[in-house]
Structures are given as C-alpha cells and as structure tokens.
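There are 2 protein chains.
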Amino acid sequence: MPVYKAPVADTRFFLEKVLNLPAYAHLPVFANVAGDTLEAILTEGARLCEEVLFPLNKSGDDEGCTRHADGSVTTPAGFKAAFQTYREGGWMAMNAPEAYGGMDMPHILGTALEEYRMAANQAFSMYPGLTMGAVAAILATGSEEQKSLYVPRMISGEWAGTMNLTEPHCGTDLGLIRTRAEPQADGSYAISGTKIFISGGDQDLTENIIHLVLAKTPGAPESSKGISLFIVPKFLVHADGALGERNAVSCGSIEHKMGIRANATCVLNYDGATGYLVGEENKGLAGMFVMMNAARLGVGAQGLSQGEVAYQNGVAYALDRRQGRALTGPAEPEQKADPIFVHPDVRRMLMEAKVLTEGLRALCLWGSLQADLAHGADTEEARTAADDLLGLLTPVIKAYCTDMGYRIATDMQQVFGGHGYIEEHGMSQYVRDARITMIYEGTNGVQAMDLVGRKLASKGGRAVQAFFAMAAAEIAAAKGDEALADVATRLEKSLGDMQAATMWLMQNAMANPENAGAGATAYLHITGAVVTGLMWLKMARAAQTELAAGAGDQRFLAAKLVSARFFAERILPETGAHRRKLETGAATLMALTAEDFATA
Amino acid sequence: MPVYKAPVADTRFFLEKVLNLPAYAHLPVFANVAGDTLEAILTEGARLCEEVLFPLNKSGDDEGCTRHADGSVTTPAGFKAAFQTYREGGWMAMNAPEAYGGMDMPHILGTALEEYRMAANQAFSMYPGLTMGAVAAILATGSEEQKSLYVPRMISGEWAGTMNLTEPHCGTDLGLIRTRAEPQADGSYAISGTKIFISGGDQDLTENIIHLVLAKTPGAPESSKGISLFIVPKFLVHADGALGERNAVSCGSIEHKMGIRANATCVLNYDGATGYLVGEENKGLAGMFVMMNAARLGVGAQGLSQGEVAYQNGVAYALDRRQGRALTGPAEPEQKADPIFVHPDVRRMLMEAKVLTEGLRALCLWGSLQADLAHGADTEEARTAADDLLGLLTPVIKAYCTDMGYRIATDMQQVFGGHGYIEEHGMSQYVRDARITMIYEGTNGVQAMDLVGRKLASKGGRAVQAFFAMAAAEIAAAKGDEALADVATRLEKSLGDMQAATMWLMQNAMANPENAGAGATAYLHITGAVVTGLMWLKMARAAQTELAAGAGDQRFLAAKLVSARFFAERILPETGAHRRKLETGAATLMALTAEDFATA
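Chains A and B supply the protein sequences, listed in that same order.
Counting in this note's numbering, the first sequence runs from 1 upward without gaps.
Counting in this note's numbering, the second sequence runs from 1 upward without gaps.
Some hints here could point you the wrong way.
Where chains are identical, the list cannot tell them apart; a pair therefore holds if satisfied intra-copy or between any two copies.
With a straight-line cut-off of 30 Å between C-alpha atoms, the simulated DSSO-like cross-links for lysine-lysine are [claimed, not checked]:
id, residue 1, residue 2
1, Lys225, Lys336
2, Lys459, Lys80
3, Lys225, Lys5
4, Lys283, Lys336
5, Lys225, Lys80
6, Lys283, Lys459
7, Lys225, Lys283
Calculated from the structure, these hints are not laboratory results.
With the hints as extra help, turn the sequences into a complete structure.
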C-alpha cells in the first residue's frame with residue numbers, strides 16, 4: 001500500500017526556524033498567518049491530503065477520465081466527492097483577495113500546501129490549481145465587473161477555470177496562434193479555433209467552467225504582440241451569475257497520456273463561442289505572464305512533490321524488503337536477510353532523495369517568500385530586492401525542482417527493483433506524473449533560456465550580483481563555525497563555479513548568443529545546486545543554533561546537519577561538471593547540419 | 001508517425017573500420033561472417049526490424065497482452081504472424097551451435113542485431129530473447145540428451161523458453177527462494193512454488209514453452225549454494241519430441257507494467273509440475289550465471305536501443321516542428337518560424353543523444369568482440385586478456401548503457417514538449433520501455449557492486465590495470481595527431497579520474513567495505529564514460545585515417561570527428577563530479593538511522 005504523510009514538521013522548521021516567519025508578522029501580507037494559524041492550516045491541509053486526496057491517487061490513475069459520445073467528461077470514481085470536500089474546506093479561497101471572498105493568505109503558505117496537495121494527488125489537484133491560475137489572470141487584467149462576476153464563484157469551487165494557450169502547431173511560440181476572435185455587435189466576441197492540451201478542459205466536478213482563451217482579433221499583428229485574452233464560459237452567465245445556455249465550446253477528445261491520467265487533458269473546439277475580452281486588445285500575453293510566473297513557482301513545488309511521495313515510499317520499502325546482507329556483516333542475524341536499507345548504494349539513493357526533497361522544499365518556500373516580499377515588504381528597497389531575487393529564482397525553481405523531482409522518483413522506483421516497474425506499488429505513477437512537470441508551463445529548456453537570456457542580464461545583472469553577495473556573506477559567516485565550515489567551504493567552491501560560469505556567459509554571449517543557449521541548461525543546473533546548497537547552509541546553521549540551545553527535536557536537528565554535509569559532498573560536485581560543459585560553448589554543439597543527423 | 005531505421009552504416013563503420021573485423025577472419029569463431037555475409041545479414045536483419053517488428057511496436061503497447069479465464073495468454077494483434085516471419089527467417093538460430101541446427105555466428109553480430117530488434121520492438125523481441133537465454137542455460141549445463149531434445153526445437157522457434165528466478169519475496173538474493181523440487185521415482189522432480197516477473201511466461205506464439213526454474217531439493221543448503229536448475233515444459237515432451245499432456249504449471253496473472261506491455265509478464269504457479277534436473281544438484285546458480293553474463297551484455301544493447309529509436313524520432317521532430325527563431329536571426333525567413341533544430345538547447349539534447357548512442361553502440365560491439373575472443377582468439381594470452389576485459393566491461397555495459405538509454409529517451413521526449421507526453425508519438429513508450437533495462441538482469445546498483453566488489457579486485461586488479469595501459473597507449477598515440485589531440489587530452493583527464501578513483505577504492509575499501517558500496521555507482525559511471533570515450537577516440541582515429549585517404553562517406557566521417565569532440569567536451573566532464581562524490585566515502589552516507597528517515 002502506497003504511503004504519504006505531509007512533511008509538516010519539516011515545512012515548519014524551515015518557515016519558523018530558518019526563515020523566522022514570525023519576525024515578519026508586522027507586515028500586512030503575513031497578518032493572516034500570525035500566531036497559531038500557520039500551524040493550524042498546515043495540519044488541517046495535511047489531513048485533507050492524507051485522508052481525502054491520496055487514497056484516490058492510484059485509483060484515479062488506473063481508471064483515468066472518460067469522454068462520452070456527447071463530449072462530456074467524467075472524472076474517476078471518488079473525485080466528485082473529494083472535490084466537494086475540498087471546496088467546503090475553503091481551500092480554493094486561501095490565496096485569493098478578501099474583497100472577492102478569499103482568505104488573502106501569503107504565497108508562502110500556498111506553496112507549502114501546493115506541495116502536499118500535489119504529492120497526494122497531482123491529477124486531482126490540477127483541477128483547482130488551474131482554476132486558481134485562471135483567477136490570477138482575471139485578477140491581473142480583468143475589469144471590476146469580470147472580477148466580481150467570476151472570481152467569487154471560482155474560488156468557492158462552484159465554477160472551475162482553464163488556461164487555453166496551446167494549439168496543435170504552437171505551444172512555446174504563441175505568436176503563431178490561429179484562434180480568431182470576431183467582434184460582435186453586443187461587445188462580445190465570437191471565438192473560433194482549436195486549443196489542445198487543456199487540463200481540466202471538461203469535467204463533472206463543477207457547474208460551469210470559465211475558459212481563459214488566447215485568440216487574435218481581425219487585423220492584429222502577426223507576432224505575440226497581437227494576442228488578446230478572452231473569457232469563454234462553458235455555460236453563458238447572466239449578470240446575476242445564473243447560468244444561461246451552453247456555449248459553442250466542446251471537448252473533441254481527451255489525450256492518452258504518460259501520466260496525470262485522472263486529469264482530463266482536452267482538445268477544445270471553439271465554434272463561434274461567445275467570449276469577452278479581458279484587459280486590453282493585443283495585450284493578452286502580458287496578463288497571461290503575470291499568472292504564468294506564479295504558476296512556475298507552483299510547478300517547481302509539483303516536481304518536489306512527486307520526489308517527496310516517491311521518497312517516502314522508497315524509505316518504507318527499503319526498511320521492509322529483505323535481500324542480502326550488510327557489507328559489514330549481518331545486521332539482523334536472526335532474520336534470513338537484512339533490510340535493503342543497509343546497502344550503501346540503496347542508502348545513497350535514499351540520502352540523495354532526502355537532501356534533495358528537503359532542500360527543494362526550502363528553495364520553493366524561500367522563492368515564495370520573495371513573491372510575498374516583492375509586494376509586501378515595508379521598504380521600496382526591500383521590495384525591489386525581493387522582486388529581483390524572485391525573477392532570478394523563478395526559472396530555476398521551475399526547472400531544477402522538476403528535473404530533480406523526476407530524478408528522485410526514478411531513483412526511488414529503482415529502490416523497488418522489479419516491484420517498482422509494475423503499477424501495483426504506485427512507483428511508476430510518481431515517475432510518470434513527475435515527467436510532465438519538466439514540460440508544462442514552459443519546458444525546462446525555455447526556463448534555462450529565460451534565466452540566461454533575460455534574468456541574468458536584466459538591469460545590468462543586478463539580481464545575480466546581489467545573490468552572489470548574499471551567498472558569500474552567508475558562507476563567510478558559517479566558515480567560523482566548526483560544525484558548518486565544511487559545508488560552507490564546499491558551497492564556496494560551487495559558488496565559484498557559478499561566478500565563473502556567469503563571467504564566461506557575459507564575456508562570450510555578446511559575441512555569439514548561441515554560446516548562451518548552449519550553456520543555458522548547464523547554467524541553470526549550477527544555479528539550482530548553489531541556491532539549494534545555500535538553503536542547506538541556512539538550515540544547518542539554524543539546526544546548529546537550536547541544538548546548541550538544547551531546543552527542539554534533537555534527532556531531527558542532528559539529521560539536518562548530516563544532511564547538509566551529504567548535500568555538500570554528493571550534490572554540489574555536479575556544478576564543476578556543468579561549468580566545464582558550459583565553457584566549451586556553442587562551436588562544436590552547433591557544428592553539424594541537419595544532414596549529419598540523418599541515419600546513414 | 002514514429003520512425004525507425006536500423007543504423008547499419010554506423011554499425012559497419014565500427015565493425016569494419018574501427019575494429020577491423022576482416023583482420024580476424026582467420027579465427028574459426030568469425031568464419032561464418034567472412035566476405036559479404038556480415039553486410040548481408042545486417043541488411044536483412046534491418047529490413048525485418050523496420051518492416052515487420054517496428055510497425056507493431058506502438059500498437060502492441062496500446063493493446064498489451066490478455067490473460068483469459070483459463071490462464072491462457074494472448075499477445076497483441078500481429079505478434080503471431082510476426083513471430084512466424086521471425087522464425088522462418090532463421091533469426092533465432094543465429095548464435096546457436098551448428099551441432100543443434102544453429103548458424104554459429106559470433107556474439108558481435110548477435111549484439112548488432114540485438115540493438116536493431118530491441119529498438120524496433122523491445123516487448124516482442126523479449127520472447128525470442130528469453131528463449132535464447134534458456135537455450136544458453138541448457139547448453140551450458142544440460143545433458144547431451146536434454147540439448148538434443150530441446151535446443152533444436154527452441155532455436156527453430158517451435159518452442160519458446162523462459163527463465164524462472166524471482167519469487168515474491170526474493171529477486172537479487174536468490175538464496176532465499178522457496179520453490180521446492182521433490183524427487184520422484186522415475187528420476188524426475190515435482191516442482192511446487194510461485195515464480196513472478198516471468199517474461200513470456202505464457203503466450204500464443206509457440207506450441208510449447210520450456211520453463212527453466214530455480215528450485216530447492218529437500219535438505220539443500222539454505223544459501224545460494226542450495227539451488228538447483230530444472231527444465232519444466234508447459235506440455236510434457238516425449239523422447240521423440242512429440243507433445244504429451246499439459247504440465248501442472250499455470251499463469252496466475254499478468255502484471256500491469258509501466259512499459260514492455262506487449263510482453264506477458266506472468267506469475268507462474270507450479271503445483272507439483274514435472275521437472276527435470278539440469279546439471280548437478282545445488283549447482284543451479286552457476287549455470288544460470290553463465291547465461292546471465294551474456295544476457296547482461298544484451299541488456300546493455302537494449303538500453304542503447306531505446307535511446308536510438310528515441311533519438312531518431314527526436315531528430316525528425318526537431319527538423320519538422322517550427323517554434324521561435326534562431327538566436328542569430330531567422331534561419332528560414334520565408335517561414336513563420338524556424339525548425340526547433342536551430343535552438344542550441346534542443347541541439348544540445350540531440351548532440352548528446354547522437355554521441356551517446358554511437359558511443360554506446362561501439363561499446364556494446366567492443367564488449368561482444370571480447371566475448372568472441374575470450375574463447376576464439378588464437379593464443380591463450382589473447383583469450384585471457386579478452387576474458388579479463390569482458391569481465392570488467394560486462395557490468396559497465398549493462399548499467400551505463402541502460403542509464404544512458406533512459407536519459408536519452410527522456411531528453412528526446414523533452415524535444416517533443418507536450419507532444420512527447422501524450423502517447424500518440426510513441427516517445428512516452430521509449431521512456432517506459434527503457435526504464436526496465438535499468439532493473440532487470442540485476443539492477444544497475446547490483447552491477448556497480450559487481451564491478452567494485454568483484455571485478456576490480458579479481459586477480460589482483462589485473463583487468464583494470466590492463467585497461468589503463470591500453471587506454472593510455474591509445475591516448476599517447478593520438479596526442480600527436482592535431483585532429484585528435486584535444487579529444488585525447490580530455491580523455492586523459494577522465495582516465496586520470498578513473499585511476500584516482502580506483503586508487504581511492506583500493507586504499508579505503510579494505511578498511512571499510514561500505515566505502516566501496518558508497519562509491520560503486522559513481523565508479524561505474526566514471527568507467528562507463530571513460531570506456532565510451534575510448535570508443536570515441538578509436539572512432540575518431542579511424543575516421544581521420546579514412547578522411548586522409550579520401551575514402552568512404554566524407555560527411556559521415558567528418559561528423560564522427562565533431563561528435564568525438566562533443567563527447568569529450570560535454571560528456572567526459574561528468575567523471576570529475578563522480579570522482580569527487582566517490583572520494584567522500586561512506587561516513588556521511590551511512591550516518592543516519594532508520595528513525596532519521598521517518599517523516600516527522
């Protein structure tokens with residue numbers, strides 16, 4: 001039986017002991033998590049994930065979604081009741097503004113819960129997740145009338161939302177979209193075209209679905225500067241919110257996918273459907289990107305989440321399954337074999353999973369703190385610093401956490417041997433579900449290009465220079481502490497790799513932009529390891545402080561120090577290899593032509 | 001539509017220009033591939049794979065196998081006819097001895113074809129593949145009567161074979177098996193027990209199935225020293241080969257797996273089934289390992305194969321799909337967007353796939369050459385040297401080729417973006433199918449332990465020292481050639497990492513064997529990169545010689561030089577990171593207890 005327990009104690013350690021969230025209580029953005037509220041919400045959220053969502057994770061994957069002849073879609077058994085429970089708990093209102101019925105909680109709490117929800121049931125949690133994305137887009141660019149009409153009903157879970165960007169011939173390059181929006185006499189638009197890969201494009205969980213659709217108005221520029229955003233409800237909506245007639249949008253088919261099978265990924269056909277412009281004409285992409293950046297942080301947490309649930313099951317199996325004997329002699333001589341936990345190569349995979357999941361959790365939370373501070377800090381300087389850091393971290397969190405989540409899930413499946421390959425234990429599902437996180441909301445290669453092509457150079461490289469200074473200061477402070485010195489020294493070496501790689505890019509990308517492209521993924525992975533290493537240094541220091549004070553769970557704190565050392569010893573060396581790769585540039589990489597790739 | 005074309009030209013380049021196979025023509029082991037035979041067989045085999053096996057790859061995955069109420073199993077549509085074609089082509093007789101109706105071809109040819117077959121249809125090719133494994137086990141330890149009765153009918157494809165090792169509670173640790181073999185008055189045994197994960201455990205392709213089963217006789221030692229091997233036919237066999245009554249072995253269920261879905265993975269229940277001892281009592285495991293070592297080389301080629309077919313589809317998609325513009329300005333201004341082939345990060349994935357697949361192909365073929373020379377070389381010295389090298393290379397080929405095959409398949413899926421995640425294009429299947437190769441025939445962790453725990457130290461480290469001398473000589477010879485010097489220098493650096501890692505293991509594993517276990521996977525990956533790098537140096541040198549002579553396909557040869565450089569620049573740096581990890585030893589890795597892994 002697969003297991004999952006939300007890691008509340010670890011989340012709280014980072015929020016309370018490392019970030020010292022209580023110290024931010026004076027800022028309005030954190031007002032709603034003051035006192036015991038944080039703990040109460042985390043604990044209650046954990047319970048929901050463990051008891052309601054996780055039990056449907058494997059059965060949902062086994063059953064998948066069903067599209068009926070009339071185009072309607074049914075979600076797997078139990079999803080409707082679970083969604084009802086989810087709604088009633090008010091979980092969708094968590095991060096929405098109070099003005100529209102939300103609870104106005106900070107991003108950082110949303111991220112903590114996002115990990116739990118996604119670990120418990122990624123396919124399920126995408127239904128409310130995409131709805132929140134649609135809400136964010138409406139809040140960012142919609143009219144007051146649109147906000148009042150749609151947002152309260154969406155955050156109550158009465159209606160859902162979807163994001164419609166991709167078309168058969170275009171995904172990353174949205175300038176190519178062909179969906180048309182013809183202005184109508186009443187001020188609405190007639191939307192026609194085909195959108196694909198629409199998560200939750202149809203379902204039986206909500207009364208209505210509010211599709212947010214990118215389309216082009218007549219005469220709009222050909223590029224991404226000619227894209228407008230529209231609201232297209234599944235059922236038309238009267239001014240009082242009552243549902244009207246069925247709109248001309250229908251699910252043509254659902255995709256047969258590698259994973260997240262319980263989420264209906266639809267082809268949506270728009271046949272002159274009634275739509276309403278959101279924000280200004282031709283400015284649709286900008287509004288969409290406000291939402292997308294927040295979503296990218298969330299996808300990072302999803303990558304982590306699949307690593308976490310896989311890790312917990314890997315540990316359980318390694319302690320239960322007996323094969324062979326410890327290299328140092330039988331660990332449990334009274335048994336016929338020792339648990340495979342005793343084998344160093346199994347332990348290596350478990351330790352890597354442990355230090356990566358805990359490190360990535362810290363990274364996701366730290367990134368979300370910047371999102372909160374970027375608008376909620378009390379000085380302009382602090383808001384700008386947080387915004388700079390957030391911009392730099394967003395592509396790193398999205399891509400590094402998802403690449404690592406897939407790596408962890410694959411390793412944990414390996415711990416199970418042949419039993420990991422059959423679907424029975426659920427390990428295959430974690431790998432299959434994790435795989436999408438490296439692709440959607442911008443592939444990880446797109447994230448890497450965003451990092452080296454946009455974020456690094458932005459404002460004269462201010463963000464990365466500030467990060468270097470911050471990391472160097474943390475390292476310098478830690479080097480004097482015997483318990484932290486080794487970790488600090490190893491992190492310093494990796495920081496050196498990042499600085500050298502940055503310098504190399506600055507010196508070589510001007511001459512040939514392909515040098516930046518050729519090194520983008522390597523640079524992102526260097527950065528990911530360094531920022532996660534910095535999280536470990538912060539965690540080690542906090543643990544050391546607590547230990548010295550004799551406070552807290554001594555075993556937990558001592559393990560943090562060991563784990564920090566393991567991360568430094570076993571993950572940080574990867575930065576050196578990435579740096580060496582990056583410094584070879586684009587020449588050899590781009591030397592072959594299409595003909596050279598043909599199998600002769 | 002998925003594409004696959006067997007890379008015959010690349011195989012031939014390595015066999016003929018790099019290994020200079022014609023120079024071995026005087027050895028009887030290569031007698032049957034003299035003249036044009038090699039080319040003819042490769043070409044004919046390629047045609048079969050492209051035209052018969054590959055068209056059933058995706059449909060077989062979609063449909064899977066069906067177990068009926070009576071326990072019988074049906075393979076997907078088209079498999080029966082394809083198997084008939086496969087049989088009639090004589091492909092199963094390729095590597096079997098002439099004395100039993102085989103063609104006695106060298107291993108190296110078998111490996112070349114194994115890659116094609118597995119790339120075209122892994123699930124299908126496992127049916128004949130496991131049969132050949134069973135044949136190898138019978139040939140290694142069976143009586144003359146058993147060989148004459150079973151082998152000719154198995155290599156003709158009239159009957160199939162399976163390997164029955166795993167039980168629900170044991171896989172790697174076969175000493176724990178519980179299946180019993182009770183001696184009967186007529187000299188046969190009554191076999192009772194449950195075997196799981198039996199590939200091709202039942203099917204509708206052949207008239208009979210010869211199960212090779214590990215079991216324990218009464219009073220046998222508890223450890224792996226008490227295991228005997230039995231032949232248990234699905235239908236009992238008369239002395240003249242005619243089929244008798246149904247034996248008491250049945251398929252209890254088929255597994256629902258992540259991949260290789262068209263291969264029936266069965267739970268087999270033995271209820272006092274009639275079995276016949278193969279070889280000596282309690283010596284079953286030794287015979288099985290003769291077969292297993294050959295199988296491990298084959299699994300390496302399987303890992304490569306999934307990388308190769310994924311690579312070919314990745315290239316095709318990258319040249320077809322248009323998104324965005326080249327960083328250096330529009331490559332095809334008359335089109336609305338450039339093919340994604342122009343993007344450096346896409347090219348990076350394609351180049352890594354190209355140099356890994358070509359390098360791994362060379363490695364698999366070079367390893368198989370050692371298998372041929374180990375018994376077929378003309379001096380005792382040469383046979384011993386080949387056998388040493390084969391022993392060292394076997395775990396490396398199995399684990400490195402499969403880890404890299406999965407990495408390539410995952411990267412090629414990434415090239416497809418969202419279109420890689422849906423099943424339509426087949427990319428998901430290559431990842432899912434590749435995944436098993438890291439697990440079966442001994443997990444890759446088991447291979448790593450075999451390498452550091454057994455192969456490295458064997459005969460005073462003779463094999464690895466001989467490898468160092470051979471690699472150093474190749475590097476020294478290449479350094480003088482301007483076209484090869486950079487590759488040679490980079491390889492020398494990685495060879496240095498391997499030598500240092502070897503030294504570290506020798507100095508630290510004696511004191512604590514967990515230091516060997518903790519570094520095993522890192523060491524295997526260093527070795528994998530170095531031996532594949534050596535293959536690239538050999539290929540580059542051969543290409544350079546041909547180019548200088550103005551012979552051969554100049555474009556193909558020039559690409560080999562670029563690819564060698566890319567491997568040196570972009571893959572070899574990984575050895576440094578692995579070495580640094582390995583040198584941190586087991587202390588931190590083994591420091592935490594089971595309690596520390598509990599989610600608090």
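Outcome of the hint check:
{"no.": "1", "hint": "Lys225 <-> Lys336", "result": "between (69 Å within a copy, 15 Å between copies)"}
{"no.": "2", "hint": "Lys459 <-> Lys80", "result": "neither (48 Å within a copy, 65 Å between copies)"}
{"no.": "3", "hint": "Lys225 <-> Lys5", "result": "neither (46 Å within a copy, 42 Å between copies)"}
{"no.": "4", "hint": "Lys283 <-> Lys336", "result": "between (68 Å within a copy, 21 Å between copies)"}
{"no.": "5", "hint": "Lys225 <-> Lys80", "result": "neither (40 Å within a copy, 56 Å between copies)"}
{"no.": "6", "hint": "Lys283 <-> Lys459", "result": "within (23 Å within a copy, 72 Å between copies)"}
{"no.": "7", "hint": "Lys225 <-> Lys283", "result": "within (7 Å within a copy, 74 Å between copies)"}
Comparing the model with each earlier hint shows violations of hints 2, 3, 5; every other hint is respected.
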